[in-house]
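Novice: Put chain B on the given structure of chain A with help from the hints.
Spelled out, the chains give:
There are 2 protein chains.
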Amino acid sequence: MRNLKYAVIGSGAIGGFYGGKLANAGHDVHFLFHKDYEHAAKNGLCVDSVNGNFNILPINAYRSTTNMPPCDVILVCLKTTQNHILPDLLQPIIKAGTCIIMIQNGLGMESDLSTYFPDNGIVGAMAFICSNKIGPGHINHLDYGALTIANFRNTSSGQMEEVAHDFISAGVPVRIADSLLTARWRKLVWNIPYNGLSVVLHSQTDKLNAQPNTRQLLTDLMSEVIDAANACGANIPVSFASEMIKSTDSMKPYSPSMLLDYERQQQMEIQYMYSNPIRSAAEYGFIMKKTEVLEQQLRYINEEKILK
Amino acid sequence: MRNLKYAVIGSGAIGGFYGGKLANAGHDVHFLFHKDYEHAAKNGLCVDSVNGNFNILPINAYRSTTNMPPCDVILVCLKTTQNHILPDLLQPIIKAGTCIIMIQNGLGMESDLSTYFPDNGIVGAMAFICSNKIGPGHINHLDYGALTIANFRNTSSGQMEEVAHDFISAGVPVRIADSLLTARWRKLVWNIPYNGLSVVLHSQTDKLNAQPNTRQLLTDLMSEVIDAANACGANIPVSFASEMIKSTDSMKPYSPSMLLDYERQQQMEIQYMYSNPIRSAAEYGFIMKKTEVLEQQLRYINEEKILK
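Chain order of the listed sequences is A and B. Oh and the first sequence: position 118 is 118 in our numbering, straight run, nothing missing. Oh and the second sequence: position 205 is 513 in our numbering, straight run, nothing missing.
Be aware that one or more of the hints could be misleading.
To be verified - Over 10 Å on every C-beta distance to chain A, these chain B residues come out as not near it, computed from the model: (1) 351; (2) 437; (3) 562; (4) 603.
Claimed, not checked - Listed below are the simulated PhoX-like cross-link pairs for lysine-lysine, each with C-alpha atoms no more than 25 Å apart in a straight line: (5) A/308 / B/515; (6) A/305 / B/613; (7) A/305 / B/403; (8) B/343 / B/613; (9) A/289 / B/515; (10) B/350 / B/441; (11) B/343 / B/313; (12) A/252 / B/616; (13) A/95 / A/5; (14) A/207 / B/343; (15) B/560 / A/308; (16) B/597 / A/289; (17) A/252 / B/613; (18) B/515 / B/441; (19) A/95 / A/133; (20) A/42 / A/133; (21) A/252 / A/289.
Don't read these hints as lab results, they were simulated from the structure. Where a beta carbon is used, it is the ideal one built from N, C-alpha and C, also for glycine.
Chain A with its partners taken away, still in its complex shape:
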């Protein structure tokens, strides 16, 4: 078995952690940085993790993909608000047989990218992790960390399994799911209620769970997402809503990624996390009425409080 060469596109809370775990286990990993390039090239990538801190130094750090080698596996870890730059950004590091793994939240990212790279394997990945970037090249991993991956378009034979093996031996639990559709929607069952409400109500997960009205609203929104998912052909049991609420009860108080984006005055991932699921469900005749309210409130906040 050859050794896979990895590219990490976006070395923040997600890319820094997952790429860092692979590099820390001895894999050949090439990191694309943006603002943090100078700092990371000099000081490496520093991961404070509940499972043990580590530092990647020396590091294969780049400020542009044009200087990076073509890779066997590309981990796309940008915010989906940047996905419009992916076709140009990935071109220099794609080769025949390159597999693109999109560790992002939302719906439809794989489909959008697939038209640009019709001959490459594309995999969707769902990260179940609490991690934040707390400084340049500095990641704080608070809890969890498992990946669920699923094929969007078939990769070269055995390649997804090889990646899964690399992650698992590097200490990252990986589950291979049969249906990307179901896996993406399952993640949305959590993401849609908690991300949106945390921004609109300026509150972390624990407060939203604790108050009876928002606990009910979270449950209602989750039920709507499950109904929408199943209308689109996914297979998620109704009981998954109460499971998600209860599992969030046992989490430490947490700021969902969209609340962090809002607090940092960064664009929020509304298109892939809200608009695409709403549109997708509507195509199957299901109107996500409650989710639409959140989407419109978030678009207002994004325009009035972030873009202005």
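Specialist: Quick look at chain B alone, frame taken from chain A:
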């Protein structure tokens, strides 16, 4: 025709204006004040109005209804968050033939009060007015001012018409509506979207109208309220939503009353303005899904940011 004796229960933005207009026209009006009693008893009631400023001094001011005379007409102008005190509060000033006029927003106020005063006439009144209390006994009337009134339970013969005549001759346009149900719901078509969204998004009417996403959300919410109203037996045309949006376009930037309550850290009128309409529609089989989202968000804000 005898002269009617009026009681004004709650002499703030609404009671101060409407009671003030009657007193200014020479009617016998008795004002209940709460915190502002001392100031008002000494300095009178001061109304700055787009239609001409006036001052009521001397004034029949009271700090308790136990000192007030029984009246022919009681104008209930409290926030509905205070309606639980009405049975005790009104007892001393009620007599046979007293008509209670509830100038409040929401649904179900008349029904709740009627059980306590089964022999009195009860009238609902909808105020279409922009007015604020800007100091003790000091009202600022910015725009509009018409009342729509409708019987909940029949008053003594001709009494509602006599009240309407008093208001009209005092410079307040009054329309007598056939259906209180329809009139209450028509008011909710404006109140539900603008009050709730202005609080959740910390924005005045002009910004909510100007931004395409909230303009659509306002329209969606209005359409839902109209559908709910008609399910309950009201008769409101679908086109009323776009009429309300356009008429708000022509208003000056305005803070709905609930936004003012929120900014003053006062309890918001969620029960009568949101929960009762939602429950009422549900009894007729119509689920107000979008309005439910607002209701739950507002209850969270009320508990977390106001009551705490």
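Novice: Now look at each hint and say whether the structure bears it out.
Specialist: Okay, the hints, checked on the actual structure:
1. 351: 40 Å, holds
2. 437: About 27 Å separates residue 437 of chain B from the closest Cβ of chain A, which puts it past 10 Å; holds.
3. 562: Holds, because the least Cβ-Cβ distance between residue 562 of chain B and chain A comes to about 17 Å, which exceeds 10 Å.
4. 603: Incorrect as stated: the minimum Cβ-Cβ distance to chain A is 8 Å, not above 10 Å.
5. A/308 / B/515: 13 Å, holds
6. A/305 / B/613: Judged against 25 Å, a Cα distance of about 20 Å means the pair holds.
7. A/305 / B/403: 55 Å, violated
8. B/343 / B/613: Roughly 23 Å between the alpha carbons, so the hint for residue 343 of chain B and residue 613 of chain B holds.
9. A/289 / B/515: 23 Å, holds
10. B/350 / B/441: 18 Å, holds
11. B/343 / B/313: 24 Å, holds
12. A/252 / B/616: 22 Å, holds
13. A/95 / A/5: Holds: residue 95 of chain A and residue 5 of chain A sit about 12 Å apart, inside 25 Å.
14. A/207 / B/343: 34 Å, violated
15. B/560 / A/308: 22 Å, holds
16. B/597 / A/289: Satisfied, since the Cα-Cα distance of roughly 6 Å is no more than 25 Å.
17. A/252 / B/613: 22 Å, holds
18. B/515 / B/441: 23 Å, holds
19. A/95 / A/133: 30 Å, violated
20. A/42 / A/133: Satisfied, since the Cα-Cα distance of roughly 18 Å is no more than 25 Å.
21. A/252 / A/289: 30 Å, violated
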